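Number of protein chains: 2
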Amino acid sequence: MASWQYDNETAITEAGPGRCSTVLDPAWNIGATPNGGYACTAALRALTRLTGQPDPLAVSVYYLRPSQSGEEAEIRTELIRAGRRASTAQASTWQAGRERLRTLATFGQLGSDASAAADPAALSIPPVNLPPPEECHPRDAVEQGIELAITSRVDVRIHPALSVPGKAGRAEVAGWIRFADHRPVDVLALVLFADAFPPSILGILDQAGWVPTLELTVHVRRRPVPGWITGRFRTRDLADGMLVEDGELWDQSGALVARSRQLALLRR
Amino acid sequence: MASWQYDNETAITEAGPGRCSTVLDPAWNIGATPNGGYACTAALRALTRLTGQPDPLAVSVYYLRPSQSGEEAEIRTELIRAGRRASTAQASTWQAGRERLRTLATFGQLGSDASAAADPAALSIPPVNLPPPEECHPRDAVEQGIELAITSRVDVRIHPALSVPGKAGRAEVAGWIRFADHRPVDVLALVLFADAFPPSILGILDQAGWVPTLELTVHVRRRPVPGWITGRFRTRDLADGMLVEDGELWDQSGALVARSRQLALLRR
Chain A
9 MASWQYDNET AITEAGPGRC STVLDPAWNI GATPNGGYAC TAALRALTRL TGQPDPLAVS
69 VYYLRPSQSG EEAEIRTELI RAGRRASTAQ ASTWQAGRER LRTLATFGQL GSDASAAADP
129 AALSIPPVNL PPPEECHPRD AVEQGIELAI TSRVDVRIHP ALSVPGKAGR AEVAGWIRFA
189 DHRPVDVLAL VLFADAFPPS ILGILDQAGW VPTLELTVHV RRRPVPGWIT GRFRTRDLAD
249 GMLVEDGELW DQSGALVARS RQLALLRR
Chain B
9 MASWQYDNET AITEAGPGRC STVLDPAWNI GATPNGGYAC TAALRALTRL TGQPDPLAVS
69 VYYLRPSQSG EEAEIRTELI RAGRRASTAQ ASTWQAGRER LRTLATFGQL GSDASAAADP
129 AALSIPPVNL PPPEECHPRD AVEQGIELAI TSRVDVRIHP ALSVPGKAGR AEVAGWIRFA
189 DHRPVDVLAL VLFADAFPPS ILGILDQAGW VPTLELTVHV RRRPVPGWIT GRFRTRDLAD
249 GMLVEDGELW DQSGALVARS RQLALLRR
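One line per chain: the protein sequences are A and B, in this order. Number 20 in the working numbering belongs to position 12 of the first sequence; there are no gaps in the numbering. Number 159 in the working numbering belongs to position 151 of the second sequence; there are no gaps in the numbering.
If you are wondering where the hints come from, they were derived from the structure by calculation, not from laboratory data. Since the model is a prediction, treat every value here as computed from it, not as a measurement. The reader is advised that the hints may include incorrect statements.
Identical copies go unnamed one by one, so any copy, or any two together, can satisfy a pair.
Below, computed lysine to any residue pairings styled on SDA-like, alpha-carbon distance capped at 25 Å [said to hold, decoys possible]: (1) K175 / L72; (2) K175 / A130; (3) K175 / Q152; (4) K175 / S132; (5) K175 / L131; (6) K175 / P34; (7) K175 / P220; (8) K175 / G91; (9) K175 / R92; (10) K175 / R276.
Produce the entire structure from the sequences given, and follow the hints as far as they go.
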């Protein structure tokens, strides 16, 4: 048994060829439903094992129906292409006879190109400028209009100027994030962290309630150094009751470690 | 037989339950390989038919191996979840016994929420400012260092300030796009158009050659009105020989019609 909450609560058990199981813990809920970044983690763990490659270079998760917290889930995996440098695989996560989410991902090895650091054409996105964590506001101080069990598992601190719903002046949220039990961050955790901030649309709305993710794409760009992760999420595009939110995550050295984009539903 | 090149050259033939076939035409090549946006179009056509929903709300394409131009391809489809408002499905595209690309997508109906247009919280991205098409440079005047058969099929005109490789001052490309035979644009064509501009990394590199897409995500946000489409693509993140390029497409009314993001390989 691992000693960290995240590892215990995303553990998978082999259940035959191409099959494993997990239990979705209610501690990661947004309202009554497991957080999307959490719900796909056991599937990504299964795909890491299946591909034998450590780093999720590209992850696409399609949320089909709400997952059920407190219930066992079966994960069915398929290795689509095994390569030396990168492998692509998918996972279907089922509960009670219905598929809940479908995950398609390419895994590889980051940092294996020794010349990359010296590449004169290297480009990056400078980290967001934040007051120190102790001057930021915990996520549960940001009134989303819904119960946030997940704040027992991730410690999210929001920039004070962006922490009052409807008062940011723009659809943006930024802040710090780490595991509540101080588990070290790793590449899989970045996928979780890309979906663990309050919805950025709260910057211009008083309340948003549950903003369910329809589709989440994450590109992990670098293995993070230990410490806090900082993140910035922005919605620039809301139409037809659906929004596109872009996110960036940096590690404590200021390196860009992940990009995210999600299509989400605004229910009003 | 349809009268437009695009329809003829992405046509699918039913070949049994969950199977159809297409032929990838060399007219859409980048170098010796079918363009990625083109290669997934027959699969998206099959998924449109399978889901019975017209609009690709979210599309994720994972490119496993180069497709073979001039060769038949078999497309195997799976309806993952059929819903009243949205349906998710996937397609595997095979040639010569090997899967070439895997497509996962959610289809629905855009513009069905009558209140959306009046939504006070609606957000959008203003269109890129461009000189008229006749003052822009055709794509084949942009020296990518590779043969571009695709310019026989799409008419792409690049902003003059962004059309000389290595001289834009930033990794950005912007311009106009339409079908060469003036076929009207539709939602599927937006996926193609999201991958038909020169790589934006050419803004800061003399030559880029073939920049193969590993993964492409497109969100279609609105049905386009007839006329030219404008697009802007930017790379802000290049590390480890891989880049993330973000794109936006607008229709002639100035409405944002699609967003794109791709992970691509820079081979140097």
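For this structure, which hints from the list above don't hold up?
As far as the earlier hints go, 1, 6, 8 and 9 are violated by this structure, in ascending order.
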